[in-house]
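Chemist: Sequence:
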Amino acid sequence: MKSTLRFATLVVGSSMLLLNVNAATQPVSIHPSPPPLEMSFQQANEVVRGTVRDAESGEPIPGVNVRLKQTSKGTVTDIDGKFEITVEGPESILTFSFIGYEAQEVTVGNRGVMEISLHADMESLEEVVVVGYGTQVKRNVTGSVSSVEVDQLETQPNTNIGQALRGRVAGVQFTDNGRPGQGGNVLVRGQRSITASNDPLIILDGAFFNGELSDINPSDVASMEVLKDASASAIYGSRAANGVILITSKKGTSEKPLIRINSYAGVSDWSYKMPLYSPDEYLQRRLDFRSQNQPNDPELPVRELLTAEEREMYDAGRTVDPWEEISQNASQKSINLSVSGRSDKTNYFISGSYVDEEGLIYGDRASRISMRLNLTNEITNWLKVGANTQYVQRDLSGVEASVLNGYWLTPYAKMYYDDAKTDPVPYPTGDNLVSNPMFNALLMDNEQISNNLMANLFAIIDVPFLEGLSYRFNYNPNIRWSHDYSFQPIYQRNGINNPGTGRKYNQNRMNWQYENIVTYTKDINDHGFDLTLLYGRNHSFREGTFAEGRGFVNDANGWHNLEIAETQQIETEGSQQDGVSSMARLNYRYKNRYMITLTARRDGASVFGEDKKFGTFPSVALGWVMSDEAFMMKQNTVDMLKLRLSYGEVGNQAVSAYRSLDRSNSFQYVFGADTYTALFPNPEYMPNPSLGWETTESFNAAVDFELWRGRLSGTAEFYDMTTTDLLLARSLPAMTGFWSTTANLGQTSNTGFELTLNGGIIQKQDFSWNSTLTFSTNKNRIDHLYYADSDGDGREDDDLGNRWFIGQPIGVTYDYAFDGIYQEGDEIPDGYQAGWVRVKDLNNDGQISPEDRTVLGQTAPKYRWGINNQFNYKNWSLSVFVNAMTGWEAQFNLLDISTQTGNSYPGRSVNFLNAGYWTPENQSIERPGLTYTNPLGRGYYLSRDFVRIQDATLAYSFPEVMLEKWRMSGLKVYLSGRNLATFTDWMGPDPESGNNTITNLYPTPRTIIAGLNISF
1 MKSTLRFATL VVGSSMLLLN VNAATQPVSI HPSPPPLEMS FQQANEVVRG TVRDAESGEP
61 IPGVNVRLKQ TSKGTVTDID GKFEITVEGP ESILTFSFIG YEAQEVTVGN RGVMEISLHA
121 DMESLEEVVV VGYGTQVKRN VTGSVSSVEV DQLETQPNTN IGQALRGRVA GVQFTDNGRP
181 GQGGNVLVRG QRSITASNDP LIILDGAFFN GELSDINPSD VASMEVLKDA SASAIYGSRA
241 ANGVILITSK KGTSEKPLIR INSYAGVSDW SYKMPLYSPD EYLQRRLDFR SQNQPNDPEL
301 PVRELLTAEE REMYDAGRTV DPWEEISQNA SQKSINLSVS GRSDKTNYFI SGSYVDEEGL
361 IYGDRASRIS MRLNLTNEIT NWLKVGANTQ YVQRDLSGVE ASVLNGYWLT PYAKMYYDDA
421 KTDPVPYPTG DNLVSNPMFN ALLMDNEQIS NNLMANLFAI IDVPFLEGLS YRFNYNPNIR
481 WSHDYSFQPI YQRNGINNPG TGRKYNQNRM NWQYENIVTY TKDINDHGFD LTLLYGRNHS
541 FREGTFAEGR GFVNDANGWH NLEIAETQQI ETEGSQQDGV SSMARLNYRY KNRYMITLTA
601 RRDGASVFGE DKKFGTFPSV ALGWVMSDEA FMMKQNTVDM LKLRLSYGEV GNQAVSAYRS
661 LDRSNSFQYV FGADTYTALF PNPEYMPNPS LGWETTESFN AAVDFELWRG RLSGTAEFYD
721 MTTTDLLLAR SLPAMTGFWS TTANLGQTSN TGFELTLNGG IIQKQDFSWN STLTFSTNKN
781 RIDHLYYADS DGDGREDDDL GNRWFIGQPI GVTYDYAFDG IYQEGDEIPD GYQAGWVRVK
841 DLNNDGQISP EDRTVLGQTA PKYRWGINNQ FNYKNWSLSV FVNAMTGWEA QFNLLDISTQ
901 TGNSYPGRSV NFLNAGYWTP ENQSIERPGL TYTNPLGRGY YLSRDFVRIQ DATLAYSFPE
961 VMLEKWRMSG LKVYLSGRNL ATFTDWMGPD PESGNNTITN LYPTPRTIIA GLNISF
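With the first letter of the sequence shown counted as 1, position 630 gets the number 630 in my numbering; the numbers rise by one all the way through.
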């Protein structure tokens, strides 16, 4: 058999590079079994030198792994294919391996110089990626598909699979809030919809995944791809409007059972603590406020400004650290056990894992138990059946301390009545604004457990009478059930009378989906065809029951006896949705050089109006491997150059059920001796029978390239998306009798650029350095809203209340522009005083009015960066990943001390962010004085730009000689850190998550773990 070989794949560390190993494109003979290696004999020497060449072209191959068998000694060939290695004697065996070639073993004998010829392994040259309802050779992919490096999951504290996306995939943003067990948010190529969901679709083993990303055990994941453009994601129709994340779990890879144990343990600490006032600073602030607020009153000793509770602590010389009071020693541990294998007929993968993770705040804890069984069995040579099943239980039970009340806690707060710290003082500063942050954490009980059982049951028929034709049936049931119980016991002390409150909430969800998939693959000479046809249906059902009891005579049984409460309340809820889908996709390729993909999908969704339920979404994509053209053959710089173009449409149905229908509420009333039930229209949403699909049109242009024998490779992409008929929730006038409605209104657009670069910077004997850079920029814009011009100025109206402006990004900061602080001696307007904020008169009319407000910035990052460096030295490896986002800002209302609790806030017995303040002695130009009342209601804004050392991992893999002695197939130990350092001007807990309000102050942890991976 003859074929043309141009590229081989080089794996160095975690980076994959393609090398031009046959630029002249001579035909290569693929031998069933390679001939003996060609060697030049010379006298024996402890140092062996040689050159490794391609067996057909004779060209040297750089990057070949040369190892002394059963030892840790090894090297790689240089750019000229040469190597040098020290051996122990004539009986030593050298192994030569390189992806794209058949591995070879050679006994050294009495040889000092060796000439090695490697033969191509064509199957290994074809890197395969998952593209939805199948796989494709990567060079034949025409859509925008990014693969995620999942090897990193083995040596990092990833309890959430989404953490592998953070900064590592161009155009993808992942954020979480620092709490253990939480799912996090993923955004692919910016925000398209204004009020509807922007979450991407998650596909796990071919089935729609309806849980949280934190439900997926990272150790079970074999591959993960992100489909970003419409041509790649359109096959999933309406659910893929915001991109698709394809996750494939592991299978058996060897005939011998493979046992793997992955385990780690570690600790977390605050990566950053917002600075609060120290005891001395707090006392000085109280004095400064009195002198600024009451300048003509006589001075008082600072003790007289404290409450009785604070005086008790002050007199005793005792203080508290607010953050320490609500913190706990946060530890985490994880263990994962898997067994996998395969035979001629059966493939299996079985795993179980347990994760226990404590948060930084007292009482915050999450645990997860997960089990997986993947089983495939070949019944006959034309019938294969299988099941991929997973069960996950998450336990978020417990009551955490209040971060907000900890933030307000003064250094002289009296926290407990007892030294054992079990009897909390309800109001530790004597100010009823500040409840004890530990009160509920110590006295309240909570149980919150969720369960998720899902399966992908399938049968595959390879039609025996027509080669290339197959039929697959998928059935994907998913059952989720959860409960959230809480009980606050009776508390009657010091004037506080809480008769006890108990709550129980139970929820059940059932989803199922079935799909019929027919595929046909045919190659005719230089032409290749892949046809996929699909028809499927899906159904989802949800029901919940809420019960509450208030006022207990006896609280011994907690939430188990709500029926004895004086006041009882019961609520129920339920909804269901249905969908139907059909899809056709054709992939055509000519000489594997020219590719085209045509896709059409039609979806129906029950959430829309009667005549609006169905939508059709087509796409087309083109690919051209330009480097295969004759005019590219005489140059040696470009190894591979591929151009891609695509256009497509996808729909969005991400709205709640029944928005198109009339809904009713009920209540009971007594008339005479009888009780009646009345029905009345639900005022929350006005029905919209014309509600239909939100549609996004997407254009994508890209170039994939590899240069200088694979030393540099990458992808550059440009995209332009327009979303029309937005699923927009808008408020209604009170005269309508409804609060809001959902309608198809408005239009947004997104344009962006993405770049991924992979570089093999250094390739030396025993040492390599590889680097990956990801960069993306996105600009979204509101093109239209309500298509109204109420003021007749010839310009479409903005929505000032929601801060939506035509021609501006969806999320903006809009306010008066800061112009410094009025100082003593300045010309100060009436009603103002020195130490107050000055704003700009933008319309130059000589007065400050709402017309002076303007767009100050945007709340989404303009630029996202990620840089990963991988260093390998013998059996050691070190990876360092840096993540950055720039060009964004957010309101940071913690800087406005006047609007949180009233103008006297700085004079009350509460703490707050120590950002400094203006005084006559220290006339700040950035921070106002303590008496500033913020008469304009202006917000405070900070840049969220940051650069973060996100992850760093040091690992050691034990050499084969030791593994054979211990009867292991692999042993790796590692030390890994996350959120190691952040460089930013943001003053809140975390610039990436944007926690910036008094109700969202959870800190971001810095985590250090030690772990080991063992395989037998």
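Please note that the accuracy of each hint is not assured.
[As the list claims (entries may be wrong)] Derived EDC-like pairs (lysine to aspartate or glutamate); straight-line CA-CA distance at most 20 Å:
1. 69 with 964
2. 251 with 149
3. 591 with 523
4. 522 with 462
5. 612 with 526
6. 504 with 548
7. 862 with 766
8. 612 with 578
9. 73 with 91
10. 251 with 151
11. 69 with 766
12. 874 with 378
13. 82 with 115
14. 384 with 467
15. 613 with 697
16. 965 with 985
17. 972 with 154
18. 256 with 378
19. 965 with 88
20. 421 with 462
21. 504 with 445
22. 764 with 309
23. 591 with 526
24. 779 with 720
25. 874 with 945
26. 82 with 105
27. 972 with 88
28. 73 with 88
29. 250 with 105
30. 779 with 199
31. 504 with 573
32. 421 with 325
33. 504 with 447
34. 82 with 766
[Said to hold, decoys possible] Ranges of calculated distance between the beta carbons of each label pair, as one might list FRET restraints:
35. 575 with 975: 18 to 26 Å
36. 862 with 321: 49 to 57 Å
37. 787 with 265: 52 to 60 Å
38. 291 with 561: 52 to 60 Å
39. 375 with 467: 51 to 59 Å
40. 541 with 718: 41 to 49 Å
Don't read these hints as lab results, they were simulated from the structure. Cβ coordinates follow ideal geometry from the N, Cα and C atoms, glycine included.
Chemist: So which of the earlier hints does this model not fit?
Modeler: 5, 7, 12, 16, 20, 22, 25, 27, 29, 35, 36, 39
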